[in-house]
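*Asks:* Residue-level listing of the chains:
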Amino acid sequence: MSTLALTPWAFDWRSPRARGQVPSRIVPNVPARGPAVQEVAPDDAALVAQASAGSERAFSMLYRRHARYVAGVAYRLLGGDAELDDVVQETFCDAHAALASLNEPAGLRAWLARIAVRRVHKRLAKRRRWRWMIGEAAQGAPLVSDPAQRQRVDALYEALGTLPADLRLPWTLHHVEGETLPDVAAMCEVSLATAKRRIAEAAERLERKLQP
Amino acid sequence: MKPTPPDDLKASLEPPWDEVREQRVLGRVMDEQRRRAAASAGQPGRRRVAAGVAVVFVAAAAAAVLVVQRRAHVMSTPAVVASAGASAIAPLTAPTSGDREQTMALADGSQATLVREAGLQVEEQRADRVRIVQKRGEVRYDVRADPSRDFQVRAGGTSIKVNGTIFAVRVSADYVEVRVERGKAEVDDGARSRDLVSGESLRVPIHVDGSTDAGASDPDSTPDPWARAPLPQAPSAASLQADADSARVAGNNGEAAVALRKLVALHPKDPRVPGALFTLGRVERSRGRDDESARAFERCVAAAPKGPLAADALAEAAASWASAGATAAAKADAAKYLSRYPDGPSAARMRALASP
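Heads up: the sequence lines are chains S and R, in that order. Those letters in the first sequence? Residues 1 to 212, by the working numbering. Those letters in the second sequence? Residues 213 to 568, by the working numbering.
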């Protein structure tokens with residue numbers, strides 16, 4: 001019997017946002033040296049406008065502001081590190097190409113997440129096809145900073161690896177990323193009802209997989 | 213049992229995403245954007261493409277008839293043979309001048325990037341066969357892997373045959389130099405051949421009559437680069453970058469600095485150089501060598517004055533000079549920053565340094 005089965009996880013099904021844990025906003029880097037001067041960084045909307053006009057500097061500032069977030073989302077969705085650089089690169093290349101079409105620059109982060117989800121979806125689907133065709137071994141689970149959780153996380157990602165991307169992504173976005181159901185629907189570019197149905201189906205399949 | 217991950221799972225699943233990695237991916241993003249911009253700038257508009265396709269279609273039909281009629285002649289004559297479809301994708305000759313780079317998309321999906329007064333002629337390009345004659349300058353070829361396609365570049369009497377390889381060929385008045393960045397290349401002058409693998413390079417002298425030096429057989433005469441001269445096997449920029457990253461992760465900033473300096477010295481044209489210099493600035497600062505840090509940041513600015521790191525590097529150079537006690541240099545860099553980026557994110561800090 002796996003550790004996973006012996007120690008059921010107590011889990012609050014509400015997302016961090018629903019629990020009032022609003023993610024803090026990224027604070028601009030404060031230089032370690034030099035005079036302590038308050039620096040006011042331009043907001044996303046201003047940088048999006050400049051980057052759309054061709055400013056590489058503005059785009060690189062946007063990248064620096066959001067790359068870690070995109071990398072985190074992609075890492076947990078992919079369940080590993082191997083394709084992370086490629087996904088982050090593709091996400092920002094796609095974003096750059098479509099920046100002018102972004103209607104609400106203030107919603108840049110959510111927009112980037114949608115692009116990243118789309119990119120991860122393609123890779124997971126491809127990975128699944130290869131596994132079906134040539135029996136490729138499943139990708140490893142992500143590294144876990146807390147050793148006590150490693151066995152459970154390995155089991156979880158092994159089970160997630162058996163799910164199609166359409167089910168895996170909404171479940172992971174909701175239960176690991178802590179996104180609300182409407183946000184999951186938006187990120188997966190499906191209706192709210194579809195998102196709920198897919199999350200429920202993924203939960204059911206995972207439950208069967210994780211049965212002792 | 214419900215599949216219920218623990219509350220803090222997200223927090224414990226943070227990717228190994230550090231500053232170096234972030235910088236590396238940013239470099240790849242910016243390179244890709246420039247590549248796309250260059251590719252789109254080199255292509256005509258949609259209407260022109262549509263018109264070109266129509267013309268090409270008719271020309272291809274006519275060419276097909278000619279090819280059938282003159283097949284024996286074409287097979288035996290090394291004349292310039294380029295299909296009409298191919299000529300629409302890439303010009304038959306493509307010279308460039310100065311430091312401006314020009315990327316050509318070849319019909320088989322490969323690419324040739326021309327730098328340094330480069331000039332080449334695409335003699336033939338079909339799905340199964342590509343023949344390029346490089347006349348002068350430096351060209352970097354990114355050849356798509358396809359075992360069924362025969363891809364050859366000829367330069368100064370030397371031919372280079374590859375498959376799924378990234379390599380560069382430099383033709384000067386005295387020699388042909390082949391450098392392999394990824395994959396394998398077979399270099400042949402008709403008398404001898406040698407396989408080059410990733411990270412290797414070969415320089416073949418050219419005689420006045422245009423032939424290469426492969427025929428030199430007297431062991432007492434000048435060194436024969438094919439047989440006797442050891443291949444320069446400098447570590448690749450990627451491996452040096454990886455060494456520096458590993459050293460930094462291990463907390464060995466001294467080794468990291470050595471690897472970064474070697475990267476810059478051995479691969480001065482590599483796109484990683486500005487990022488390596490920026491990282492070197494940080495590494496030297498963490499070693500307490502503020503003056504070296506400032507110099508590295510200044511070199512980063514000089515390496516890519518309009519690059520994404522230039523503004524940050526200039527500000528960091530000023531800060532490092534200030535920490536090193538070189539007030540005049542700090543002021544100069546701070547003033548330079550303010551003149552270039554008056555509304556930059558470090559403008560307030562630079563104003564404080566420029567007029568303490």
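Hint data in this document are derived by calculation from the structure and do not stem from the laboratory. Any given hint might turn out to be false.
As the list claims (entries may be wrong) - With a straight-line cut-off of 20 Å between C-alpha atoms, the simulated SDA-like cross-links for lysine to any residue are:
| # | chain 1 | residue 1 | chain 2 | residue 2 |
| --- | --- | --- | --- | --- |
| 1 | R | 518 | S | 50 |
| 2 | R | 222 | S | 68 |
| 3 | R | 222 | S | 151 |
| 4 | R | 222 | S | 190 |
| 5 | R | 222 | S | 96 |
| 6 | R | 481 | R | 406 |
| 7 | R | 543 | S | 80 |
| 8 | R | 222 | S | 50 |
Note that the structure is a prediction, hence the values are computed from the model and not measured.
*Asks:* Does each hint fit the structure? Answer for all of them.
*Replies:* Results of checking the hints against the structure:
1. R:518 x S:50: It holds: about 15 Å lies between the C-alpha atoms, which stays within 20 Å.
2. R:222 x S:68: Measuring from Cα to Cα gives roughly 14 Å; hence the hint holds.
3. R:222 x S:151: Holds - the C-alpha atoms of residue 151 of chain S and residue 222 of chain R are around 15 Å apart, at most 20 Å.
4. R:222 x S:190: Roughly 24 Å between the alpha carbons, so the hint for residue 222 of chain R and residue 190 of chain S is violated.
5. R:222 x S:96: violated (28 Å)
6. R:481 x R:406: violated (25 Å)
7. R:543 x S:80: Violated, because 46 Å separates the two Cα atoms, which is more than 20 Å.
8. R:222 x S:50: Status violated; Cα separation ~33 Å.
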